[in-house]
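Asks: In case you want the letters, here they are:
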Amino acid sequence: MAQTEQPVLDVRNLRLRFPGPGGETTAVSGLSFSVRPGEAVALVGESGCGKSSTALAIMQLLPDTAKLGGEIRVDGRDVIGLPRKELRALRGSKVAMIFQEPMTSLNPVHRVGEQIVEALRAHKPLSREDARERALALLEQVRIPDAQQRLDAYPHQLSGGQRQRVMIAMAIACEPRLLIADEPTTALDATIQAQILQLLDDLRRELNMGLLLITHDLALVSRWTENVVVMHHGEKMEQLAAADLFGRAHHPYTRGLIGASIRLDRSQHYRTQRLPEIRVVHNADDTYEFLLEKREPIRLPPPDRGGAPVVEVHNLAVRYDTPRGPFTAVDDVSLAIAPGETLGLVGESGSGKSTLSKAIMRLVPAHSGRIVFRGEDITRIEGKNLRRVRRNMQMVFQDPYGSLNPRHTVGEILEGPLAVHEVNDARERQKRVQRMLDQVGLPARSANRLPHEFSGGQRQRIGIARALMLNPSLVVCDEPVSALDVSVQSQILNLLVELKESLNLSYLFISHDLAVVQYISDRVIVMKDAKVVEENDHLRIWTHPRHDYTRALISAAAREA
Amino acid sequence: MSSLGKIGSSLRRTAIQAVPTVIGIVILNFFLLQMAPGDAADVIAGEAGSATEETMHALRVQFGLNHPVLVQLYNYLNELAHFSLGFSPRYGMPVAELIGQRLPGTLLLMSLALGIALFIGLVLGSVMAIFAGRLPDRVLSVLALVFYSVPGFWIGLMLIILFSVTLGWLPSGGAGTIGADLSGWAGLWDKARYMILPATSLALFYVAIYARLTRASMLEVKSQDFVRTARAKGLSPFSVTVHHVLRNALIPITTLAGMHIGSMLGGAVVVETVYSWPGLGRLAYEAVMGRDFTVLLGILLLSSLLVIAVNAAVDLLQTFLDPRIGVR
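Chains as they are written, first to last, in the numbering used here: chain A, 1 to 561; chain B, 1 to 328.
It is worth saying that the hints were derived from the structure and are not from the lab.
Please read all numbers here as calculations on a predicted model, not as lab measurements.
Hints should not be assumed to be uniformly reliable.
[To be verified] Label pairs and their calculated CB-CB ranges: (1) Val423/A with Pro37/B: 57 to 67 Å; (2) Arg128/A with Leu188/B: 36 to 46 Å; (3) Ser164/B with Lys124/A: 50 to 60 Å; (4) Ser263/B with Asp152/A: 31 to 41 Å; (5) Gly441/A with Ser263/B: 23 to 33 Å; (6) Gly8/B with Arg77/A: 55 to 65 Å; (7) Ala313/B with Gln157/A: 18 to 28 Å; (8) Arg324/B with Asp202/A: 27 to 37 Å; (9) Thr322/A with Ala313/B: 23 to 33 Å; (10) Pro37/B with Thr322/A: 46 to 56 Å; (11) Gly441/A with Val139/B: 44 to 54 Å; (12) Ser263/B with Arg128/A: 50 to 60 Å.
Idealized CB from N, CA, C, for every residue including glycine.
My request is simple: use the sequences and hints to build the entire structure.
Replies: Written out as structure tokens, the structure reads:
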């Protein structure tokens, strides 16, 4: 019995540095923790805290330039400095890993069965037929429906959740002692997320394997793991039992993270409460201080439901032509947004929520139905008229990295809309850029810098600034905080509320995250399979859901938390 | 079965779409050639040295060159509609027969050159990608740059000087030992000896292109998530490189190789002239010099058909290499 108690992973005083043009950067310093067989440990932190680098260090998948110190014992053996051949024997058989992006983590040109067979045959003397049979059993073990047929499918023929299941099947193929899951559900829908986590939880008990879950999501940690290691700037802030995370965390950073994250069961709302923000102060002697800033709520006038809506959509349908015939992405959708109102739009990927927002923005043509913007039917207008309307409706996108032209300075990006919409005086344009930068909380000198010089949260501020340059009355926010860390998420949501107050905006806020939608919305609509299945105000939709699908969404989110 | 049916219908559609394309190409070529000064009668008369107005006129009547341009075009299209490529005034034989004699030689040379280029290019490119930034990569990059920038005819001449003149290993030109009646392996070896130098000099330029493309494409694939997955599975570096990196890198390379068939025909003109290889390229060159437009039109028509056929084949190959691309 004593042997089973030996940890499957024992990290001691791990140090990791990357040489770079501006000197070495420290990714991890002095990290120690261990994972016992059958135990689930979470490595939690925000982007850049060193959690993924730690995972790659355990697998020894870091680039050759990385400098490692300390010890990483996998099943008793230190992997640092292990000869390549022995490392290969370890990878996939004793320790396996699954990654964040199920879409790109499988080779697109090989059938999924082949990819599992390959993992098996790399470590076990199996014939092709036996390996195939075992692969089928694995697909059944990870609960893929129609496993027999899926064996010969290509990755692109599977959904995101199924692909992640294939990744898991591949990872557990040789019954590893330790499974590392690096943000395994971040790219998946809420209902799928819960299923995958449940699967990982069952498997670690069945196979008595250690699970190292790497995530930024605190709610998920407390539900699915036993121990939590909280990281910041490559150091361990604190380690505690997952059950104590929300109640008994000591470290100010952990408490800050908990304070800044929004939870469905707390029923926070932007009209009554603002989100606390974490301030991280990097002192001159290289120490950090963490402060949780609470803010006073802003008094906002209630949405003007009596007046004319900013936008009305009547029986809108959008169709795409596909090789297999027309596909209806939006089907008979009606909605209205009152001045000063925030309408939350919830749905899973493929539900049509992004297509709906693009149709309202007139970025995709409507098949039938009507879009009325401030009293004017804009469903079919073109050219000059369309441009005139567009300045009043703007969009904030999900990806703060891909949606800004990397070769334009921030000033140019912000001036762009002004130039297009005929603000011809250069000095006037610059004045407005400066004013907007100030409003979204960016320093004035940002105008001369390029997007890559900014962090994700700052880029999202730039994206918001660009959307607001022309004083729109409607802003469509398509998953604006999904790619951001918790602490940045609260800053951006607070900013959206401030801007709403000062510029009198109406939002259409699209998200798959129920807690965020609950916080930011006045009214919520739920979309599934191209249709609106439910609509209610922000309180009643969670307390009295009428549609089964809404209930399923809420229970998936609650199960995770 | 259904995928075979799809391939059939895809080929049928390509064939139907090819008809207007080919007609357009023929008409365009016809007018382009009309713009060149002189005609076959001028050249024949010039070579004879003592032509009168009357004999020139007689020649033109005989070749059908006395008609207005549009009538000539109509006559040519009419011939094509009856599956005839016309008659060469200069060679005194049907164009189809003339091309038929030369085509196999050129196709053989081209496919050998393309094969060499792809094989060596992929090997060099893989080596470069594996050792990216290190010495083997640097040396091969310089070599690729040399192959890329030196003109084909010069490489051809240098190869002749080295292998035929100095070393005496390989023949300097022609397509087979004259008078030697060889068959079986000996015959094949004899033919191969004559093909090595022209095929190599035709291939070297493309070796450079494929090596560089393979390198870039493999480095791009190497940074993809699924390669990390493959390494995390504990696969050997060789099987990661071959099954995951190279396999995916092939997709852009086949696209480019398909496009190169057409430009290889152009390169064949030079190489066939240098090595006096009796191929289509040299025939085209001679036809231009002799203003033998019927032959030239026939060759151009054939090469456009070849390009269309190769494109269709590459499209099918792509669907095989990348399952995300569906046969339509």
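Asks: If a hint holds in the structure, say so; if it doesn't, say that too.
Replies: So, going through the hints one by one against the coordinates:
no. : hint                               : verdict
1   : Val423/A with Pro37/B: 57 to 67 Å  : 59 Å, holds
2   : Arg128/A with Leu188/B: 36 to 46 Å : 37 Å, holds
3   : Ser164/B with Lys124/A: 50 to 60 Å : 56 Å, holds
4   : Ser263/B with Asp152/A: 31 to 41 Å : 39 Å, holds
5   : Gly441/A with Ser263/B: 23 to 33 Å : 56 Å, violated
6   : Gly8/B with Arg77/A: 55 to 65 Å    : 57 Å, holds
7   : Ala313/B with Gln157/A: 18 to 28 Å : 25 Å, holds
8   : Arg324/B with Asp202/A: 27 to 37 Å : 32 Å, holds
9   : Thr322/A with Ala313/B: 23 to 33 Å : 27 Å, holds
10  : Pro37/B with Thr322/A: 46 to 56 Å  : 54 Å, holds
11  : Gly441/A with Val139/B: 44 to 54 Å : 53 Å, holds
12  : Ser263/B with Arg128/A: 50 to 60 Å : 42 Å, violated
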